[in-house]
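In my numbering, the protein residues as written are 277 to 460.
Just so you know, not all the hints are guaranteed correct.
[What the hints assert, rightly or not] Quick list of the computed label-pair ranges, beta carbon to beta carbon:
| # | residue 1 | residue 2 | range |
| --- | --- | --- | --- |
| 1 | 399 | 360 | 16 to 26 angstroms |
| 2 | 321 | 422 | 14 to 24 angstroms |
| 3 | 422 | 343 | 13 to 23 angstroms |
| 4 | 324 | 290 | 36 to 46 angstroms |
| 5 | 400 | 422 | 20 to 30 angstroms |
Calculated directly from the structure, the hints in this document are not laboratory data.
Here the structure is a predicted model, which means the values were calculated and not measured.
For every residue, glycine included, the Cβ atom is placed at its ideal position computed from N, Cα and C.
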Amino acid sequence: MPGLRRRRGEGSSTYRWLAFAVAATVVVADQVAKLLAVHYLGAGPVHLFGGLHLQLYRNYAGPGGNFAGHTVLISIFTVAAAIVLAAVIARSRLDRLTAIGFGLFLGGAVGNGLDRLLRGPGPLRGGVVDWLAPSAHGGSMNLADLSLNAAVLLMIAGALLSMRPRRRTKREPGKTLNEPPCSS
277 MPGLRRRRGE
287 GSSTYRWLAF
297 AVAATVVVAD
307 QVAKLLAVHY
317 LGAGPVHLFG
327 GLHLQLYRNY
337 AGPGGNFAGH
347 TVLISIFTVA
357 AAIVLAAVIA
367 RSRLDRLTAI
377 GFGLFLGGAV
387 GNGLDRLLRG
397 PGPLRGGVVD
407 WLAPSAHGGS
417 MNLADLSLNA
427 AVLLMIAGAL
437 LSMRPRRRTK
447 REPGKTLNEP
457 PCSS
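Using the sequences plus the hints, can you model the full thing?
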């Protein structure tokens, strides 16, 4: 993956910490927003503008309503994915864009994973609190979902940016810019 290199002992861990800081920020913001949604949106939807409204939903299915009826399996997968991603972040040197993308993804996974683990009806069977409905015709989301979507967009942007040819800043004597450097 672009921007992801195995750690070799050199370099700073700044961007690893950035990834974890972004993840923590997403988790806190997501959980606070969900607490507010549960407290204030229980009486019914709040219409904002156009088709956008705020309404409390409990999502026991996976993304897009997929895997309905398999809440425990979704919960286990979510927890496992968060653990694996945290381990990848901890063991890798990341560039800034990749660190932010991984942080957004980890924060989104943990935010929704906490709902599945800690909310009723019981551990691994909890419903994710969704509260943002972009249209009256179905579909709902929360800050964790938005974070996951933003992470995917950042990772795509990072991949596209990494495909750009790099410019050489210095030309070695006797070499053209198109020749590969000598390996000694």
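Hint check:
For the hinted restraint 16 to 26 angstroms between residue 399 and residue 360, the CB-CB distance of approximately 20 angstroms keeps it satisfied. Range check, residue 321 to residue 422: Cβ separation about 19 angstroms, and the 14 to 24 angstroms hint holds. One distance hint, 13 to 23 angstroms for the beta-carbon pair residue 422 and residue 343, holds here, with the actual separation near 20 angstroms. With their beta carbons about 39 angstroms apart, residue 324 and residue 290 fall inside the hinted range of 36 to 46 angstroms.
Between residue 400 and residue 422 the C-beta distance comes to about 24 angstroms, which sits within the given range of 20 to 30 angstroms.
Checked against the numbered hints above, the structure breaks none of them.
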